[in-house]
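Asks: Sequence:
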Amino acid sequence: MSETTTPAEAQETEATEEYATAELAGETLRVKTIGKWRPSYMRALRLSDFDTWAEGVLHPDDVDKFIDADATFDEINEFVGAAAQAAGEPVGKSGGRVRSSRTTRKR
Numbered sequence: 081m082s083e084t085t086t087p088a089e090a091q092e093t094e095a096t097e098e099y100a101t102a103e104l105a106g107e108t109l110r111v112k113t114i115g116k117w118r119p120s121y122m123r124a125l126r127l128s129d130f131d132t133w134a135e136g137v138l139h140p141d142d143v144d145k146f147i148d149a150d151a152t153f154d155e156i157n158e159f160v161g162a163a164a165q166a167a168g169e170p171v172g173k174s175g176g177r178v179r180s181s182r183t184t185r186k187r
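According to this note's numbering, the sequence shown is numbered sequentially starting from 81.
Source of the hints: derived by calculation from the structure; they are not laboratory data.
Treat the hints with caution; some may be incorrect.
[As the list claims (entries may be wrong)] Here are the in silico distance ranges between beta carbons for each label pair: (1) T86 / G161: 26 to 36 Å; (2) D154 / P87: 28 to 38 Å; (3) T152 / P87: 31 to 41 Å; (4) T86 / D154: 30 to 40 Å; (5) T152 / T86: 25 to 35 Å; (6) T132 / T152: 27 to 37 Å; (7) T113 / D144: 20 to 30 Å; (8) P87 / F153: 16 to 26 Å.
C-beta: ideal position from N, C-alpha, C; glycine also.
Let the sequences and hints guide you as you build the complete structure.
Replies: Rendered as structure tokens:
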């Protein structure tokens with residue numbers, strides 16, 4: 081992690097954040113709910129900057145577990161998908177409006 085978290089800060093974070101869980105290399109890790117993810121976390125994920133993503137979305141006590149697992153890309157991709165699904169929405173799905181396949185322009 082880029083910052084040192086005190087036990088009091090970690091406890092406050094845990095009390096105010098909602099977490100889901102997902103498995104990585106036999107470890108259960110806590111993940112913030114999708115509504116608590118920032119766009120910068122998604123950018124890090126798209127850029128395969130998994131350590132930065134983990135610092136943003138995992139419980140502070142679980143970030144080192146994620147990094148220490150030194151998982152393969154396949155394992156990380158499976159974990160990210162499971163984490164996003166458990167946290168509220170599969171990665172790549174958008175709650176945005178779906179564009180109609182029909183044109184509305186008059187001829």
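Asks: Would you say the C-beta atoms of P87 and F153 sit inside 16 to 26 Å of each other?
Replies: violated, 33 Å
Asks: Confirm or reject the claim that T152 and P87 have a C-beta distance inside 31 to 41 Å.
Replies: Holds, since T152 and P87 (Cβ atoms, about 32 Å apart) stay within the stated range.
Asks: Quick check on a hinted range of 27 to 37 Å for T132 and T152, using CB atoms only.
Replies: Taking Cβ atoms as reference, T132 and T152 lie about 19 Å apart, which means the hint is violated.
Asks: Note whether the CB distance of T86 and D154 lies within 30 to 40 Å or breaks it.
Replies: Since the Cβ atoms of T86 and D154 sit about 35 Å apart, the hinted range of 30 to 40 Å holds.
Asks: Does the Cβ-Cβ separation between T86 and G161 fall within 26 to 36 Å?
Replies: 32 Å Cβ-Cβ, so the 26 to 36 Å window holds.
Asks: Taking the beta carbons of D154 and P87, is their distance inside 28 to 38 Å?
Replies: About 35 Å separates the Cβ atoms of D154 and P87, which means 28 to 38 Å holds.
Asks: Could you tell me whether the CB distance from T152 to T86 stays inside 25 to 35 Å?
Replies: Since T152 and T86 have Cβ atoms about 33 Å apart, the given range 25 to 35 Å holds.
Asks: For T113 and D144, compare the CB-CB distance with the range 20 to 30 Å and indicate the outcome.
Replies: Hint holds: Cβ distance 21 Å, inside 20 to 30 Å.
The structure fails hints 6, 8 (numbered hints given earlier, in ascending order).
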